[in-house]
Amino acid sequence: MRVLLERSGINSVAPSTKYDSVALLWAAENGHEEVVRILLERSDINADGPDRGGRTPLMWASGRESEGVVRILLERNDVNPDKPVLADITSIL
Amino acid sequence: MWVSHAQRPLHVDELCQTLGIEGSTDLDSANIPAIETLLACSLGLVTVEKSSSTIRLVRQTLQEYLSNNTNLFPNPHSIIAEVCLTYHNFPQVRSFSSALSSIPPTAPFVEHASCYWGTHAGSLTTENVRILALKLLDGYDKHISSKLLLLHGVRAEEQPFDRDGAPTGFAGLHGAAYLGCEDLIVALLETNSGVRRQPISMVTQQLLALQRGDTKER
Chain A
833 MRVLLERSGI NSVAPSTKYD SVALLWAAEN GHEEVVRILL ERSDINADGP DRGGRTPLMW
893 ASGRESEGVV RILLERNDVN PDKPVLADIT SIL
Chain B
182 MWVSHAQRPL HVDELCQTLG IEGSTDLDSA NIPAIETLLA CSLGLVTVEK SSSTIRLVRQ
242 TLQEYLSNNT NLFPNPHSII AEVCLTYHNF PQVRSFSSAL SSIPPTAPFV EHASCYWGTH
302 AGSLTTENVR ILALKLLDGY DKHISSKLLL LHGVRAEEQP FDRDGAPTGF AGLHGAAYLG
362 CEDLIVALLE TNSGVRRQPI SMVTQQLLAL QRGDTKER
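Here the protein sequences line up with chains A and B, keeping their order. One rule links them: number in the numbering used here = place in the first sequence (from 1) + 832. One rule links them: number in the numbering used here = place in the second sequence (from 1) + 181.
One chain only, chain B, in its complex shape (with noise of 0.2 Å):
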């Protein structure tokens, strides 16, 4: 599914690490696969490319077949996303600095992360999409991807970084707006609201209250 999906061919450290995400609550070395096990698992159908180190499938044909096919893999994208959001949240992840000016070697997946989470949540998220996606935004200029986005698709004069290299004043709002997320966008319209800046009154409560209880039912 990754091979197949991704919105660029992925380099092998990248999909290794991807495939420890599922099953783990943080940046876990010992749950990445070696990728001669990864390979010997694909029973050949995908290869590494050798001059760019990056992974595809051994032939266009079966690009086409798993991409007619959309019952192999149903929701491709939003596990993809899934994965993606749920790496972003990982504490080790949370924990690196938006000033940073390179990719931490221990986290060689963010970058992708950070890029396509969004194009993969589409306009349209779906539950677990939007719960994780919501604790991402939540703080967005203060996480290394908000960082990793501007730089890969925001040119250089238009980028908001402060004296450190960090993304100042670009919240998850902008960033759902800019990822053209239509759904965040709603969700973070209607809970960036006046009522919940002031103090907690009963009306915010019920307000509160009243949105645990929509959760619940989605």
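Bound-form chain A, shown alone (with noise of 0.2 Å):
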């Protein structure tokens, strides 16, 4: 199925699909290094997404101390460590 999706070239996925990059934050929460990866693959994700309180995966990733899925989400470009949350503190405090 895969193989058909690349070549075929149709768009397996839906435009900005919120679903997805919520997914990303419960994998952070949860420190699951690989699937984060499978995850942050997809370009339709945003790795910086953050929920419905402003908190992003690096943050998620960081209160629960998952040292793993913090050092994935700071190796990338599109994610700021220094994004604020609505009561202006950052993720590594």
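Derived from the structure by calculation, the hints contain no laboratory data. All C-beta atoms, glycine included, are put in the ideal place defined by N, C-alpha and C. The reader is advised that the hints may include incorrect statements.
Unchecked claim - Derived pair list, reagent style SDA-like, types lysine to any residue, alpha-carbon separation capped at 25 Å:
#	chain 1	residue 1	chain 2	residue 2
1	B	K316	B	S283
2	B	K316	A	E899
3	B	K316	B	E338
4	B	K323	B	G334
5	A	K915	A	G886
6	B	K231	A	K915
7	A	K915	B	V335
8	A	K915	B	C296
9	B	K323	A	S853
10	A	K915	B	E339
11	A	K915	B	R336
12	B	K323	A	K915
13	B	K316	A	N862
14	B	K316	A	G885
15	B	K316	A	E866
Claimed, not checked - Partial selection, computed: residues in chain B whose CB lies under 7 Å from chain A:
#	residue
16	I260
17	H355
18	Y359
19	E363
What the hints assert, rightly or not - Partial list, derived from the structure: chain B residues whose beta carbon lies under 7 Å from chain A:
#	residue
20	P257
21	L354
22	A358
23	I366
Take the two lone chains and join them into the complex the hints point to.
What follows is the structure, given as structure tokens:
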């Protein structure tokens, strides 16, 4: 199936699926590095996409001290570790 | 196998219900063995811890022996995952409201099955586990197991519950991501496609047919 999707050039994912970006938060929350990698491979997933409270995957991962996931996220150019949340604290605090 | 490989000690009523799952198509109290029968069959190798009503092996050395001799129970975690998922897909278990605040008395095993099926399924799932898991994960936030998983592992301020106490927006992909089930993530990302949301087209039909073919080959 994956082969057919690639060959036919079909966009297998609806644009800006919030559904998929939230999955990144949950994988980060529980420190599943491989799942985080799989999700980040997808172009439609925002690596810095916040939850409704403004907390990003990096914040979820650092809140649970998931060091491996924090490293994966910090290696990316599109993740801002200094992004403020509503209460103006940063994830590393 | 259940006593030696479960993620936490099972209560008497949990273990008894577990042993009545295989061969059943729904919750069936007639199929649940009595604890006395179970203990008699174990030839004295398992015992009930009276203070907590949990089942354990009589000696730690027996646990070590069972853990070291993996040929005694081939693929125990896949089998446990399969049983947990079979249970979740029983019509009566599917009919429980995800807003329930306590475990239904007819389903004592539902909490254990909800919290640990993903750990037993692991990142690489067998075909049977994948089929059963995808069935559970379809409409996951309507299933009581998603609520029990969130209550068990997620801090209260992060539990996505609505006013009635039911999970909201915690879909199958989110559950699989939280549990770390890589195979299921890949399967869900493939099927949760934009193509599928559109009216059935020739291309969609071809994709679905190909997917069914994949399943058979595995």
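Evaluation of the provided hints:
A C-alpha spacing of about 24 Å is found between B:K316 and B:S283, which places the hinted pair at or below 25 Å, so the restraint holds. Among the hinted pairs, B:K316 with A:E899 is inconsistent with the structure: their alpha-carbon atoms are about 33 Å apart, more than 25 Å. For the hint pairing B:K316 with B:E338, the CA-to-CA distance comes to about 29 Å; that exceeds 25 Å, so the pair is violated. Note on B:K323 and B:G334: the hinted pairing holds, with a Cα-Cα distance of about 18 Å set against a maximum of 25 Å.
For the suggested pair A:K915 and A:G886, the alpha carbons sit about 9 Å apart, so the restraint of at most 25 Å is met. Among the hinted pairs, B:K231 with A:K915 is inconsistent with the structure: their alpha-carbon atoms are about 53 Å apart, more than 25 Å. For the suggested pair A:K915 and B:V335, the alpha carbons sit about 24 Å apart, so the restraint of at most 25 Å is met. For the suggested pair A:K915 and B:C296, the alpha carbons sit about 33 Å apart, so the restraint of at most 25 Å is broken.
Using a Cα cut-off of 25 Å, the hinted pair B:K323 and A:S853 holds, with the two alpha carbons roughly 20 Å apart. With a CA separation close to 20 Å, the supplied pair A:K915 and B:E339 stays within the 25 Å bound. Taken as a hint, the A:K915 and B:R336 pair is honoured in the structure, with Cα atoms around 23 Å apart against an allowance of 25 Å. Of the supplied pair hints, the one linking B:K323 and A:K915 is violated, its CA atoms being roughly 34 Å apart against a limit of 25 Å.
Restraint check for B:K316 and A:N862: the C-alpha separation of about 23 Å stays at or below 25 Å, so the hint holds. Proximity of B:K316 to A:G885 is assessed by CA-CA distance (about 31 Å); at most 25 Å being required, the pair is judged violated. At most 25 Å may separate the alpha-carbon atoms for a hinted pair to count; B:K316 and A:E866 meet this at roughly 23 Å. Interface hint status for B:I260: violated, as the beta-carbon distance to the closest one in chain A is roughly 23 Å, over 7 Å.
Hint on B:H355 holds. Least Cβ distance to chain A is approximately 5 Å, under the 7 Å limit. Hint on B:Y359 holds. Least Cβ distance to chain A is approximately 4 Å, under the 7 Å limit. Interface hint at B:E363: satisfied, since its Cβ lies 5 Å from the closest Cβ of chain A, which is below the 7 Å cut-off. The beta carbon of B:P257 comes no nearer than 22 Å to any beta carbon in chain A, farther than 7 Å, and the hint placing it at the interface is violated.
Interface restraint check: B:L354 against chain A, minimum CB-CB distance 5 Å, threshold 7 Å, status holds. Restraint check, B:A358 versus chain A: the minimum CB separation of about 4 Å is within 7 Å; hint holds. For B:I366, the interface hint holds, the least distance from its beta-carbon to any beta-carbon of chain A being 6 Å, beneath 7 Å.
Against the hints set out earlier in the document, violations occur for numbers 2, 3, 6, 8, 12, 14, 16 and 20.
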